[in-house]
Amino acid sequence: MITRFLDLLFADRRNSAGIAKDRLKIVLAHERASRDAPEFLPALQKDLLAVVARYVEIRDDMLRVNVGRSGDTSLLEINVEIDGANVKPVRNVSAAEPPKPAPRIAVDRGSPVPWAEPG
Amino acid sequence: MAKIIVLTSGKGGVGKTTSAAAIAAALALRGKRTVVIDFDVGLRNLDLIMGCERRVVFDFINVINGDAKLNQALIKDKRNDNLYIFPTSQTRDKDALKRDGVERVLEELKEDFDYIVCDSPAGIEHGAITALYFADSAIIVTNPEVSSVRDSDRIIGILASKSRRAEHNLEPVDVHLLLTRYSLERVKRGEMLSVEDVNEILSIPLLGVIPESESVLRASNTGTPIVFDQESPAGRAYVDAVARFLGEQREMRFTKPERRSFFRALLGKA
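These protein sequence lines map, in sequence, to chains D and C.
In terms of our numbering, the first sequence is numbered consecutively and its last residue is 119.
In terms of our numbering, the second sequence is numbered consecutively and its last residue is 270.
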């Protein structure tokens, strides 16, 4: 009874090293990805945002572009969050210039993409 | 061929200067001709840790500018004939550390020494970049604590992209982890990142674990590199780390609970 009470009281403190480790892993994964990112990435992100914004209302932080690796293959990963975004009425848009072609990136369609893997 | 080793961390106060002094002294004790250079221009402290602050006449910047000869600025350690200290300047001019000047001085030192140990300033500014630029090996001094681990990761990235070896497409800088101020007690209580945790996050080879020890403050109070204190656990851990650096296999100490002595076990005491 007393030990259970103590466990409850000190649970957070006992686990603080584990919390530290988890936080570090997440923040370093982000920082490493942006550190190794190719230079064209911010421009690509801006162009993609402009295109998506023609169809749905989207904030800057709802579209993320990353370059990752899966085995020997480089992957261009584009995540667009549109859940809760307002759909704009579709117009005949031809005004905006098509974005300049980005450098070609090999995508191995055979292997599953890392973010689709179970777990 | 002389080897240039940089001690760096990004974060301040993790024990770079203490470690630079200890590692240089341990290399000298192993018979290697060693010079330890203070790169922290404007905040000279290696002289105090090495106990030679009253013998500084000329400094690194004087030699770079050609105002003094190398042998006028190098201070020979009184405890070990293989060990020399190269103090930095107290100037506030941060650009005094010119890269071509530093390179010239390092080339001259390479003729006389086996190991050139560079004590980097904290941060990722000019001084820190200059200290790591010419390195063959880097020892990343890290505390088992979130901000230190994060800054170490940043510095590892900089070594891989901004060092001379990276810029010239040479073999990359040989990077090692030195975990300092480690408290096994706190790790066991789940309050401190363990060696395994830090190793898993940074994934660079582990050179050594230095236990938190009262003897470190005592050593800096008296201006004695900690490896000269035979009794100090931290001093012994540095000696081990240097042995590993020189290619020896040594088991990690102070990372697992000490084996209980026979009598203590008999008495049932922890």
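These are computed hints drawn from the structure, not numbers from a lab.
Cβ coordinates follow ideal geometry from the N, Cα and C atoms, glycine included.
Some hints here could point you the wrong way.
Some chain D residues near chain C, calculated using beta-carbon distances under 8 Å [stated by the list, open to error]:
no., residue
1, A17
2, K21
3, R23
4, L24
5, H30
6, R35
7, L49
8, A50
9, V52
Item to check | Evaluation of the interface hint that places L49 (chain D) against chain C, nearest CB under 8 Å | outcome: Check failed: Cβ of L49 (chain D) comes no nearer than 27 Å to chain C, outside 8 Å.
Item to check | chain C contact restraint for R35 (chain D) - C-beta distance below 8 Å | outcome: holds, 5 Å
Checklist entry - Once the shortest beta carbon distance from K21 (chain D) to chain C is found, is it less than 8 Å? => result holds, 5 Å
Checklist entry - At a threshold of 8 Å, is the proposed contact between L24 (chain D) and chain C supported by beta-carbon distances? => result holds, 5 Å
Next on the checklist: Does H30 (chain D) hold up as a contact with chain C if the rule is Cβ-Cβ below 8 Å?
Outcome noted: violated, 11 Å
Next on the checklist: Is the interface hint satisfied for R23 (chain D)? The criterion is a beta-carbon contact with chain C at less than 8 Å.
Outcome noted: For R23 (chain D), the interface hint holds, since the closest Cβ of chain C sits about 7 Å away, which is under 8 Å.
Checklist entry - Holds or violated: is there a CB of chain C closer than 8 Å to the CB of A17 (chain D)? => result Result: holds, 5 Å to nearest chain C Cβ.
Checklist entry - If you take the shortest Cβ to Cβ gap from V52 (chain D) to chain C, is it below 8 Å? => result violated, 31 Å
Item to check | When the least beta-carbon distance from A50 (chain D) to chain C is tested against 8 Å, hint result | outcome: violated, 31 Å
The earlier numbered hints that this structure contradicts are 5, 7, 8 and 9.
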